[in-house]
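*Asks:* Single-letter residue listing:
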Amino acid sequence: MNRLTSKSDLERLQKELASRKEPERPVVTLCQGTGCRAYASEKIHNAFKKELASRGLTDQVSVKSTGCHGFCEQGPIVVILPDEICYCRVKPEDIPEIVETTLLEKKTVDRLLFTDPVSGEKFARESEIPFYKYQRRVIFGKNRLVDPQNIEDYIALEGYSALAHALTEMSPDKVLLEVKKANLRGRGGAGFPTGIKWETTRNTPGEKKYVIVNADEGDPGAYMDRSILEGNPHLVLEGLAIGAYAVGAREGYVFVRQEYPLALENITEAVEQAREYGLLGKNILGSGFDFDVKVKRGAGAFVSGESSALISAIEGSAGEPRPKHVNAAISGLWGKPTSLNNVETWANVPLIMKEGSDWYSGLGSDNNPGTKIFSLVGKVNNTGLIEVPMGTPLRTIIYDIGGGIKEGKKFKAVQTGGPSGGCIPEEHLDVPVDFDRLNQMGSMMGSGGMIVMDENSCMVDVAKYFMQFLMEESCGKCTSCREGIKKMHDILEKITLGEGCETDLQQLEDLAWIIENTSLCALGSTASNPVLSTLKYFREEYETHIKDKCCPAGVCKALIRYTIEPEHCNGCGRCKKVCSVDAVEGNKGSPMTINQEFCIRCGICQEACRFNAVLVE
Amino acid sequence: MITLTINGKKYEAQKGQNLLQAAIDNGIEIPHLCYHEKLPPYGGCRLCQVEVTKGEKVELTTSCTYPVSQGIQVETETPRVQKARRLVMELILTMAPDSPEIQQMARKLGIETIPGGFPSSGEKGDDCIKCGLCVRACEELVGPGSITFSSKGPERKVVPPFEEEPESCIGCGTCVHVCPTGCISMEDLGRKRKLERWKRVLSMKVCNDCSSAYIPKAQVDYYLKRTGDPYLAEWFDLCPDCR
Ligand SMILES: Cc1cc2nc3c(=O)[nH]c(=O)nc-3n(C[C@H](O)[C@H](O)[C@H](O)COP(=O)(O)O)c2cc1C
Ligand code: SF4
Ligand code: SF4
Ligand code: FES
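Sequence order for the protein chains is B and X. Each step along the first sequence adds one to the number in our numbering, with nothing skipped, and position 93 is 93. Each step along the second sequence adds one to the number in our numbering, with nothing skipped, and position 136 is 136.
In short, the hints are calculated from the structure, not lab data. Note that this is a predicted model, so its numbers are computed, not measured. From the three backbone atoms N, C-alpha and C, an ideal C-beta is built for every residue, glycine too. Be careful, since some hints might not be right.
Here are a few chain X residues that face chain B, going by a calculated C-beta distance under 8 Å [stated by the list, open to error]:
(1) Leu39
(2) Gly43
(3) Lys57
(4) Val58
(5) Leu91
(6) Thr94
(7) Met95
(8) Gly153
(9) Pro154
(10) Tyr214
One chain only, chain B, in its complex shape:
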């Protein structure tokens, strides 16, 4: 491949790739995201190749590995284009049937179609499945169309056109103005206006400036950044190059979490291919603009995703947050002006260039333009990565896309924003989700995690869980964060053990105040959210734990008792068999009882009972 040396070179290549494309030709796309790989999607790839070869179809059908489609729970996912027939939970032994029925007879294999868990309805086309139907996948959608290891796939979909346009027809100031007008806000959590950050970097005097992609994603539940980087790395690189042009940087870094080997592999490969095609390096597309990118591997701590910690890590020192009364946009990496943005933020840039700021700001809600990718998990029927316009109500996300609460249970709360986010109760389900509204509700956008909880979740236990995570992930530098979070955690633990006292809630609030107001970085200053939001919306649940020594959700082991209802027990003795401490007593045929002295409240007897005779009090 020759280097592309001008915008017309790129356009010529795009035309050539388009002419090679046969719209009617069937393409089998296989999701090779980390989720589907976990279910051996590579075997499926091989099985397709083999089956097609044995039927002499190799020349008529293409097989393509793509990045994550988002519906990981239903993986491995196979989508057959051009009809978009979507098969879920495909196994290697299903392949001959798919080839025979769908590729040759043009019919669907009904048993592999997505079946709605509530209505039982089946859906053939990917776009008709409710999980996808209510989404707007302007960023994430291309993942299913490109092979991340093949730059030509990306170029064929008008990839790098936005960069070419910016470099040849726009001044850096004009690019900047467009991003400012679009009012793009940082997807890394805080929603800081990207254009303003870039402008500061641009206006700070200096020869050397940097741009950085923050792909350190340390929130245990979130994986959207990973999926973009794995599935469509050129989208991020294109955005980064446009940003570099706007701020006047010639060097960029992609800082990737160590635990993401596939993301590392794909972004590294993408950088090499982009260099080979002349889309990175010296004199890009003949514009005179030089820009190159280095990929760095992160150390894996949660706090190292914080911007100043990340910059320290690139410089080679400990990945600990630093005091920043001077903005990184002015003095960042090696003391030079630096624009650091999240993966998803960068991925929005080519779209803004292509569609224009007017179009972009028409998408989303007031002062919150564009879409946001969330990782929807927990007690909903459909889980996975979803992309919706900012301002979509929580109810749409949970009930239409997520298909409602599992097993027909009652919704209790949704936790948004990652470990230091907050819990939002039923009464706020109709609030549109965006940066500002989530903050108003005592939660935040954070990493875009969304954990749905049902009636069986105890909010004190949930708060304790997140405080434990934050306590372990605090870097330990600040007194308030290190000691304060631990104290809060210890108080919560005491409450869940039934040892809470009247003054505990006041003390939790005092500690929350001090951690929020006196910690150095945002890990500390947001760490109280899990407690403050649950105290705000579920205070009586705390009080019940403290005053009545009772856990209404039946979660806190020290506060519950398992008993056997004699009316329902037929004496089968299954519970007695499974109990590991011999706490179940009684003779076969007559109702069993539980000896509370021995019972360790593991609940295994309740799972074993087929007659719902084991109750929690």
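Since the structure of chain B is already known, use the hints to place chain X with the ligands on it.
*Replies:* Quick look at chain X with the ligands alone, frame taken from chain B:
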């Protein structure tokens, strides 16, 4: 020179200075623990809180990490500052309940007891408040860098690397001197010097005249190596009293 207002009065400070140092230079007291004028600000203890007004913005911030700038207004005793200081001090006190220095500081801030009474996160009798002064002084003022922080979160502690006897430690006692809680002990026992906390035992050099063991041999070697001055060796043959 920069002019700034502290508690309603105008003061001067040098450009590039941090706010805490500027206050100290002007005789204004702001309680602090992890700052030392010979070391770059660290911002770990969170005690040196003040309220700064700059333009429209009013923020509660640590003064040691705040660079002074023209026209800022600083308040060191507002109710918000006092509340923050008191609550931070309570947390510090739970880490070093037995340190007389810390107890005295706490009393000055009106704290008599620690609420809740949970065990501190450090081991009992530890008294280290993780201010990092010893680590930074050893590395940045003396040079050997014989101690370091290990672990994160509440498990964070100061230890010699790999928690083994630090061969690089010269027993100069700078860490003992800078430690605000007095939790690092250094004892001279005959011809040995012992720093219990770092598991370090050093042999002492003996004065040619009076035979007193007056300086660790490792320290002499370190100075000789650093200065490269061969005549200095003779200088160390005698103790300060006999020189
Ligand atoms: C504890 C902590 C962890 C963070 N982790 C990440 C992360 O994994 N990825 C990320 O993009 N931003 C993370 N951030 C936010 C960054 O500090 C920074 O604000 C962001 O990357 C800026 O990009 P944006 O303006 O595009 O959002 C974290 C912040 C904190 C306080
Ligand atoms: S707030 Fe917490 S995580 Fe952030 S620098 Fe301080 S101790 Fe470290
Ligand atoms: S030993 Fe003393 S100087 Fe060192 S960190 Fe602990 S309290 Fe600070
Ligand atoms: S003296 Fe400023 S934070 Fe410790």
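*Asks:* Compare the structure with each hint and give your call.
*Replies:* Cross-check of the supplied hints:
1. A hinted interface residue such as Leu39/X counts as satisfied when its beta carbon comes closer than 8 Å to some beta carbon of chain B; here the least separation is about 14 Å, so the hint is violated.
2. A cut of 8 Å between beta carbons decides the hint on Gly43/X: the least distance to chain B is about 5 Å, and the hint holds.
3. With 8 Å as the threshold, the beta carbon of Lys57/X stays out of range of chain B, its nearest partner Cβ sitting at about 11 Å, so the hint is violated.
4. For the restraint placing Val58/X at the interface with chain B, the shortest Cβ-Cβ distance is roughly 12 Å, beyond the 8 Å limit, so the hint is violated.
5. Satisfaction of the interface hint for Leu91/X is found here, the shortest Cβ-Cβ separation to chain B being roughly 4 Å, below the 8 Å cut-off.
6. Because the beta carbon of Thr94/X sits about 7 Å from the nearest beta carbon in chain B, less than 8 Å, this interface hint is met.
7. Annotation: Met95/X was flagged as interfacial toward chain B, and the flag holds, the nearest CB pair being 7 Å apart, inside 8 Å.
8. Evaluation of the Gly153/X hint against chain B yields a held restraint, the C-beta minimum of about 5 Å falling below 8 Å.
9. Look at Pro154/X: its Cβ gets to within about 4 Å of chain B, closer than 8 Å, so that hint holds up.
10. Because the beta carbon of Tyr214/X sits about 37 Å from the nearest beta carbon in chain B, more than 8 Å, this interface hint is broken.
Of the numbered hints listed earlier, those contradicted by the structure are 1, 3, 4, 10.
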